[in-house]
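J.: Chain residues, written in single-letter form:
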Amino acid sequence: MPLTFDAHGMLHGDHELTIDQLKDSLLVRGPTPSPPNWDAAWRLKLVNNLEILVKQLWSVKIHEIFVGGSFAELLCEHPRDIDGYFIVRDYKPGSDYATGRFEERLNKLDRHRVWTWEFGRRDERGEKQIPMWHQYHINLFPLTLPAMPCGIPGPKGELQGFDQAFRRSRRGWKPRGMIQIVESVR
Amino acid sequence: MIRSDSEYREALVRAEAGRAQLLASEAELRTMGYSPGEIARVLAPARGFQLKLDEEIAGYKCLKRGDLGPYRDIEDVGVLLIAARIAAGLTGRELAKRLGCHESQVSRDERNDYHGITADRVRQIAAAIGLEIRLHGRLVGRADPVSANASS
Chain Y
1 MPLTFDAHGM
11 LHGDHELTID
21 QLKDSLLVRG
31 PTPSPPNWDA
41 AWRLKLVNNL
51 EILVKQLWSV
61 KIHEIFVGGS
71 FAELLCEHPR
81 DIDGYFIVRD
91 YKPGSDYATG
101 RFEERLNKLD
111 RHRVWTWEFG
121 RRDERGEKQI
131 PMWHQYHINL
141 FPLTLPAMPC
151 GIPGPKGELQ
161 GFDQAFRRSR
171 RGWKPRGMIQ
181 IVESVR
Chain E
1 MIRSDSEYRE
11 ALVRAEAGRA
21 QLLASEAELR
31 TMGYSPGEIA
41 RVLAPARGFQ
51 LKLDEEIAGY
61 KCLKRGDLGP
71 YRDIEDVGVL
81 LIAARIAAGL
91 TGRELAKRLG
101 CHESQVSRDE
111 RNDYHGITAD
121 RVRQIAAAIG
131 LEIRLHGRLV
141 GRADPVSANA
151 SS
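Chains as they are written, first to last, in my numbering: chain Y, 1 to 186; chain E, 1 to 152.
One chain only, chain Y, in its complex shape (with noise of 0.2 Å):
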């Protein structure tokens, strides 16, 4: 299914794609025509960044990984960083997610070392941001299923795990698609 914005600007719907196939897509190159500030160039910019932490996944055996968030917006022509989640399904007492040895492993296939979830440096607002967001503009968070919060409330305080909290907007809660990396086409 081709991508395609609805009526608020959101993605419609979830689609798989290749990292190769995102850098080629709707959310790079914008639609026809494009919005006047529509940034082509700082999105592919984000996608190369997302593809370094992507295979880094890869290589430690995760493949369920979602992106989107504002990127996934048409109105936001200039979005200021990708985000996404993937899916953790043990962190068990015990396990290497649990015990820090998952991110350690993270941290060796990166020279920044930025697999970590701790928000400290602020950026230019004065928000505290994670390593990877002031490294690559790229916010990846774990999904542990079955889902813990992940700190992001619905709209009335509702209990929300990642992948409910990114699959609407800010702003109105607006339902938003989500893109699943894949390796290949499958």
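Take the hints with a grain of salt, since some may be wrong.
Among the chain Y residues that face chain E by a calculated CB cut under 8 Å, a handful are [unchecked claim]:
(1) Thr32
(2) Cys76
(3) Glu77
(4) Pro93
(5) Ala98
(6) Lys128
(7) Cys150
Worth flagging that the hints you see were computed from the coordinates, not collected in a lab. C-beta: ideal position from N, C-alpha, C; glycine also.
Starting from the structure of chain Y, add chain E where the hints point.
T.: Quick look at chain E alone, frame taken from chain Y:
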């Protein structure tokens, strides 16, 4: 960044719910046998977002008091305009009316942090808000003459 009173009220609801959810999750993980370090790791993303939401709420309250906070780089000018609109007590609709454009234009520009804005447009919007902006430059590698003069 919270940009309106309605977003602020919603954020308060969400922040309270988030705190309760974190406490409940922490208790649940303890009963499941996670160590304190493991609990910290599993809940790190959620705690981070909770902290961000609390800070956004605090930041909005500052803006409503007229405190624009520190904006140091020329790249921050878009965020400064958004903050100044809030601090001036203007809705996006009111600013749009002053600028003679549609509300959706202000909404769109703010969504993109005024990326690519021209100096002329900055001047226009600042004037509409009642914001005074001053620039200060310093050659890289040189001492800041303003600070040097102030201390001498």
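J.: The structure should be examined with respect to each hint, and the outcome stated for every one.
T.: Comparing the hints with the structure gives:
1. Thr32: Nearest chain E Cβ about 19 Å off; hint violated.
2. Cys76: Check passed: Cβ of Y:Cys76 comes within 6 Å of chain E, closer than 8 Å.
3. Glu77: 5 Å, holds
4. Pro93: 5 Å, holds
5. Ala98: 4 Å, holds
6. Lys128: 6 Å, holds
7. Cys150: It holds, given that the least Cβ distance between Y:Cys150 and chain E is near 6 Å, below 8 Å.
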